[in-house]
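Peer 1: The residues making up each chain are set out below.
2 protein chains.
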Amino acid sequence: MDRIINRRDLAFQLYEMLDVEKLSHYPRFKDHDRATYEAVIDAAEKLAIDKFANHAHKSDEQEPQFDGDKVSLIPEVKEAMSAYLEGGFHLAHRDEDEGGMQLPLCISQAVAAIFTGANAATTAYPFLTIAAANLLTAHGDSWQKERFLKPMLEGRFFGTMCLSEPQAGSSLGDIRTKAVANADGSYQISGTKMWISGGDHDLSENIIHLVLAKIPGGPAGVKGISLFIVPKYRLDEQGQTLGSNDVALAGLNHKMGYRGTTNCLLNFGESGACQGFLVGKPHHGLGTMFHMMNEARIGVGLGATMMGYAGYLYSLDYARQRPQGRPVDAKDPEAPQVPIIAHADVRHMLLAQKSYVEGGLSLCLYCAHLLDHAQQSDDPKEKVDLLLLLDFLTPLAKAWPSEFCLEANKLGMQILGGYGYTRDYPLERLYRDNRLNPIHEGTNGIQSLDLLGRKVMADQGRAFHMVMERMGEAIGAAAKYPALEEFVAAMQGAVDLMSRVTMKLVGAAREGKTESFLANSHDYLLMTGHIVMAWMWLRQATSAAAAIEQASGDERAFYAGKLMTARYFFHHELPKTGPQAAFLASLDTTVLDMPDAGF
Amino acid sequence: MDRIINRRDLAFQLYEMLDVEKLSHYPRFKDHDRATYEAVIDAAEKLAIDKFANHAHKSDEQEPQFDGDKVSLIPEVKEAMSAYLEGGFHLAHRDEDEGGMQLPLCISQAVAAIFTGANAATTAYPFLTIAAANLLTAHGDSWQKERFLKPMLEGRFFGTMCLSEPQAGSSLGDIRTKAVANADGSYQISGTKMWISGGDHDLSENIIHLVLAKIPGGPAGVKGISLFIVPKYRLDEQGQTLGSNDVALAGLNHKMGYRGTTNCLLNFGESGACQGFLVGKPHHGLGTMFHMMNEARIGVGLGATMMGYAGYLYSLDYARQRPQGRPVDAKDPEAPQVPIIAHADVRHMLLAQKSYVEGGLSLCLYCAHLLDHAQQSDDPKEKVDLLLLLDFLTPLAKAWPSEFCLEANKLGMQILGGYGYTRDYPLERLYRDNRLNPIHEGTNGIQSLDLLGRKVMADQGRAFHMVMERMGEAIGAAAKYPALEEFVAAMQGAVDLMSRVTMKLVGAAREGKTESFLANSHDYLLMTGHIVMAWMWLRQATSAAAAIEQASGDERAFYAGKLMTARYFFHHELPKTGPQAAFLASLDTTVLDMPDAGF
Numbered sequence: 001m002d003r004i005i006n007r008r009d010l011a012f013q014l015y016e017m018l019d020v021e022k023l024s025h026y027p028r029f030k031d032h033d034r035a036t037y038e039a040v041i042d043a044a045e046k047l048a049i050d051k052f053a054n055h056a057h058k059s060d061e062q063e064p065q066f067d068g069d070k071v072s073l074i075p076e077v078k079e080a081m082s083a084y085l086e087g088g089f090h091l092a093h094r095d096e097d098e099g100g101m102q103l104p105l106c107i108s109q110a111v112a113a114i115f116t117g118a119n120a121a122t123t124a125y126p127f128l129t130i131a132a133a134n135l136l137t138a139h140g141d142s143w144q145k146e147r148f149l150k151p152m153l154e155g156r157f158f159g160t161m162c163l164s165e166p167q168a169g170s171s172l173g174d175i176r177t178k179a180v181a182n183a184d185g186s187y188q189i190s191g192t193k194m195w196i197s198g199g200d201h202d203l204s205e206n207i208i209h210l211v212l213a214k215i216p217g218g219p220a221g222v223k224g225i226s227l228f229i230v231p232k233y234r235l236d237e238q239g240q241t242l243g244s245n246d247v248a249l250a251g252l253n254h255k256m257g258y259r260g261t262t263n264c265l266l267n268f269g270e271s272g273a274c275q276g277f278l279v280g281k282p283h284h285g286l287g288t289m290f291h292m293m294n295e296a297r298i299g300v301g302l303g304a305t306m307m308g309y310a311g312y313l314y315s316l317d318y319a320r321q322r323p324q325g326r327p328v329d330a331k332d333p334e335a336p337q338v339p340i341i342a343h344a345d346v347r348h349m350l351l352a353q354k355s356y357v358e359g360g361l362s363l364c365l366y367c368a369h370l371l372d373h374a375q376q377s378d379d380p381k382e383k384v385d386l387l388l389l390l391d392f393l394t395p396l397a398k399a400w401p402s403e404f405c406l407e408a409n410k411l412g413m414q415i416l417g418g419y420g421y422t423r424d425y426p427l428e429r430l431y432r433d434n435r436l437n438p439i440h441e442g443t444n445g446i447q448s449l450d451l452l453g454r455k456v457m458a459d460q461g462r463a464f465h466m467v468m469e470r471m472g473e474a475i476g477a478a479a480k481y482p483a484l485e486e487f488v489a490a491m492q493g494a495v496d497l498m499s500r501v502t503m504k505l506v507g508a509a510r511e512g513k514t515e516s517f518l519a520n521s522h523d524y525l526l527m528t529g530h531i532v533m534a535w536m537w538l539r540q541a542t543s544a545a546a547a548i549e550q551a552s553g554d555e556r557a558f559y560a561g562k563l564m565t566a567r568y569f570f571h572h573e574l575p576k577t578g579p580q581a582a583f584l585a586s587l588d589t590t591v592l593d594m595p596d597a598g599f
Numbered sequence: 001m002d003r004i005i006n007r008r009d010l011a012f013q014l015y016e017m018l019d020v021e022k023l024s025h026y027p028r029f030k031d032h033d034r035a036t037y038e039a040v041i042d043a044a045e046k047l048a049i050d051k052f053a054n055h056a057h058k059s060d061e062q063e064p065q066f067d068g069d070k071v072s073l074i075p076e077v078k079e080a081m082s083a084y085l086e087g088g089f090h091l092a093h094r095d096e097d098e099g100g101m102q103l104p105l106c107i108s109q110a111v112a113a114i115f116t117g118a119n120a121a122t123t124a125y126p127f128l129t130i131a132a133a134n135l136l137t138a139h140g141d142s143w144q145k146e147r148f149l150k151p152m153l154e155g156r157f158f159g160t161m162c163l164s165e166p167q168a169g170s171s172l173g174d175i176r177t178k179a180v181a182n183a184d185g186s187y188q189i190s191g192t193k194m195w196i197s198g199g200d201h202d203l204s205e206n207i208i209h210l211v212l213a214k215i216p217g218g219p220a221g222v223k224g225i226s227l228f229i230v231p232k233y234r235l236d237e238q239g240q241t242l243g244s245n246d247v248a249l250a251g252l253n254h255k256m257g258y259r260g261t262t263n264c265l266l267n268f269g270e271s272g273a274c275q276g277f278l279v280g281k282p283h284h285g286l287g288t289m290f291h292m293m294n295e296a297r298i299g300v301g302l303g304a305t306m307m308g309y310a311g312y313l314y315s316l317d318y319a320r321q322r323p324q325g326r327p328v329d330a331k332d333p334e335a336p337q338v339p340i341i342a343h344a345d346v347r348h349m350l351l352a353q354k355s356y357v358e359g360g361l362s363l364c365l366y367c368a369h370l371l372d373h374a375q376q377s378d379d380p381k382e383k384v385d386l387l388l389l390l391d392f393l394t395p396l397a398k399a400w401p402s403e404f405c406l407e408a409n410k411l412g413m414q415i416l417g418g419y420g421y422t423r424d425y426p427l428e429r430l431y432r433d434n435r436l437n438p439i440h441e442g443t444n445g446i447q448s449l450d451l452l453g454r455k456v457m458a459d460q461g462r463a464f465h466m467v468m469e470r471m472g473e474a475i476g477a478a479a480k481y482p483a484l485e486e487f488v489a490a491m492q493g494a495v496d497l498m499s500r501v502t503m504k505l506v507g508a509a510r511e512g513k514t515e516s517f518l519a520n521s522h523d524y525l526l527m528t529g530h531i532v533m534a535w536m537w538l539r540q541a542t543s544a545a546a547a548i549e550q551a552s553g554d555e556r557a558f559y560a561g562k563l564m565t566a567r568y569f570f571h572h573e574l575p576k577t578g579p580q581a582a583f584l585a586s587l588d589t590t591v592l593d594m595p596d597a598g599f
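So the sequence lines, in the order shown, correspond to chains A and B.
Quick note on numbering: the UniProt record's numbering labels position 67 of the first sequence as 67, and the sequence is numbered without any gaps.
Quick note on numbering: the UniProt record's numbering labels position 283 of the second sequence as 283, and the sequence is numbered without any gaps.
Pulled out of the complex, with its shape left as it was, chain A reads as follows (with noise of 0.2 Å):
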């Protein structure tokens, strides 16, 4: 692979789209320019097509493997490992006193983007040590910052997270794992842990878990969870490393796709003699945790984008190379075969594929960039508001790309034909590692729980009027442009269709209706993705309209192909939404009155 992204598309997310250097008038971001951005995303670019795509194929064939002792990766792991953390990306979003690049949270996620599309397996571990290191920036004592977050900063500690159990994933409520105190204020920890990623490897001089777990005697359910650190090897009064914390891997799970990442089933405390320390207070720990939900599910809401945008442009480049058959009123069989480019299906599925990834790219840089203003804003009411946006769009960002960018990769594949199905080009190793994104941080069926039962109905509905009201700003702005009087016209009936179908929801909701009004809840997140995604091209149109009566050349094409992916959005996937819409406003309970015994 040697396209990852279209940085084309890139600039315009970030720069035509969102205005991203308009966030230089915050004080944090006052030394950046689009200069200082595009330097980082260069570098960003060439270290994942040198260090990290080199071997995406290679990590997926050759997965890590453990002899009953230790983990050994392929060596090259490592040495992107340390090119990463020499170029200081880990430490892209964070302060310049700590070495960091102190970069905006929509540049420092399109950078891990990159790396993502370029091998998911890989970034994987320094992401997990990002966000185990945001939780300690946010919720650390300054005793456990200097101890565990300060070598995770330097590269030397990695980090995990260690929420689900063998008996609770989704239902984190029923996890097992103690914590009983300990006279020096530690706790001993006991329990079985399931599918950490990163949990054992050799990539590092320590790993930090941060392991949830129950205090005995505090109260039952989510509400009696705390948060623990948890290191692998325990450290002496120095910082230095010292034998076993009697964490030990009780084996590798074996995955369809994302090969590359150990998975582990951990055991703590076999031995009595495993040392934790509580983060914030105790049976808070579910909140503490997931305090950076927001930003860990546009992340993979990003990384589902990529893998599908990465799979996007090969497709493409192997369709403009493939010679195969002719056009399909052609009548002479010895005329030269054209590439496949040609054909109508194959231009189908790379501008579904198109739609797709662009639009997922386009929505998860909008959720960054709201973050980004809710965490530099100094007007509290504005904070607030734009978190609340924010967590409206959350499962939807995390959830849409997982199901669509997916359905890229499927769609990638078969452009390929009978090639796109072996091992020997990357589509059907994009579709496997995409494949696990629908499934983790939170089931799209807990998603879309999330998004009805939560979200919309949150502070009575004021995130779902904001939403509906920034859509609103957009058909205004885009209503400037003739070109575009269909795609209003057709966001217009999307935002009615979308505000009519949700009040008939909530009022079953209301009405106490709990079990119908959540029935067909993954039916809204679908019907809700696709108007915002929308929304989202509708905000591209608008600004290709902008830009194209002055373009020429390459510029030109390429405000063209956003116009026509938009067509293709509006005319083929938005109209989706019409049925789903009809059967949630049924309150169709068919999947309640099925019997069991019927299945």
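Heads up, a few of these hints could be off.
It does not matter which identical chain is used: a pair holds within one copy or between any two.
What the hints assert, rightly or not - Derived DSS-like pairs: lysine-lysine, alpha-carbon spacing no greater than 27 Å straight-line:
no., residue 1, residue 2
1, K58, K70
2, K504, K576
3, K178, K331
4, K281, K331
5, K504, K331
6, K331, K223
In case anyone wonders, no lab produced these hints; they're calculated from the structure.
As the structure is a computational prediction, the values presented were derived from the model and not from experiment.
Following the hints, complete the assembly by docking chain B onto the known chain A.
Peer 2: Chain B only, in chain A's frame:
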């Protein structure tokens, strides 16, 4: 896996929906009845579980190895083959005087389906051999039958189909393999064939390749293709195996799924010593090869269905056993957890799967049953009609299950969550295996062109009108049951829709707008497929409505499940055709208008 198919459903399809026992009116099947059919299916199911399902995981993990000299497979494959041949399953459809069971196709296909559901990769070997043998039965001369067919029927020789080449997949008119006549009437074969399933292995004494090649001087394109028998090993006059026939394995393709089936790049005649034997007339090879195409494509659809089916049953059993979470309106975190089948979103995913896999089974068996009638009828007009109808349905029977039963596997995996993503559970393998089906045996894009470009137009739309007629009959039969009223109305609406859209498209074709007529052919395939599937579900609902009043206990639950799944399909799936129809009827040209540089 200990369930591959719901036998109650299979019996429903065969005896209640299709009334297969009536086939005994034909002389060929006069010795058969439900008892003989069930005995064969029982034996197949037992063998499939004992000798095929047992190594499905292992043969995926330990794929065939090529040491540069020979190919080796895990020993379980050979054991499965021996038991299969000993059971005479490769002769299920053949004459009793050949040692066959003389079963109707709908029964022999159901039997084949059970093996595919158990282990698609291993069953590919006998299935390819059966297909090659069928072709030689129809088109081989008596010497060819004695020399090559007989040992195939004895299970000593296996067969393959060699169509594609590295530069010619969908475009067979561009193959380059050459066949030059020898003085003795045989041909000198030279060229390279790609994607040859079962192209080499250690399971049989010889491999009989059926090879498409061009005789120099013939017409260009597909009209210049001839068909040849090319054995891996030469035979002497007594049929004893001599040495190599200069067919060299250049390499194995390493696929995403279907890993247990060797897939080969074969070089024919590298040393100028590859002998082939012409089958049928020169330059008529493509027609000969595709003589059995309907059967082969129904087989692909049925295989896709069965992978979906096995995955559905696995996820159903899992959902019944896995405790996780509580009802949406439960307040007490200490209440016992419920099995996940209690959650609406899981029920949704189960109903979707059930509607896809039981619908797919219904369509494929319907097609096989049509073929039985077509083959046995002594009324030439009826024969022609049935084959026309079958020609129309075949691209749908191939493509619809390969899209939606793959989707079923995706949903099944989602139900298993993280576990579903690991290689310890069969869902991810089924999903990988099933991903081949939209690609091979004519991609689904090709199927859509076949459907809209050929089958709809064939014989002044006669096939299309026959489908409409049969749908009308099903509506008439359903109208007798008040409980089916809403389905009847919806089906009538779907028939009208399909008719209107098709007329509109045909109108464009008649005006010579070939490009825009075919621009969205894949949407036409999806729309028509869903309407045909609604027809299948209406038929099932009618049978269920007829039987449910007299039924009790498990039987009543079974019929209630059928009726509820029909409701799911009519409420949730069929309405998707609305936007597809509108898009098609608008003769949308977005995919054609997109400038190449705009991608």
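Peer 1: For each hint given before, does the structure comply? Return the numbers of the non-compliant ones in rising order.
Peer 2: none
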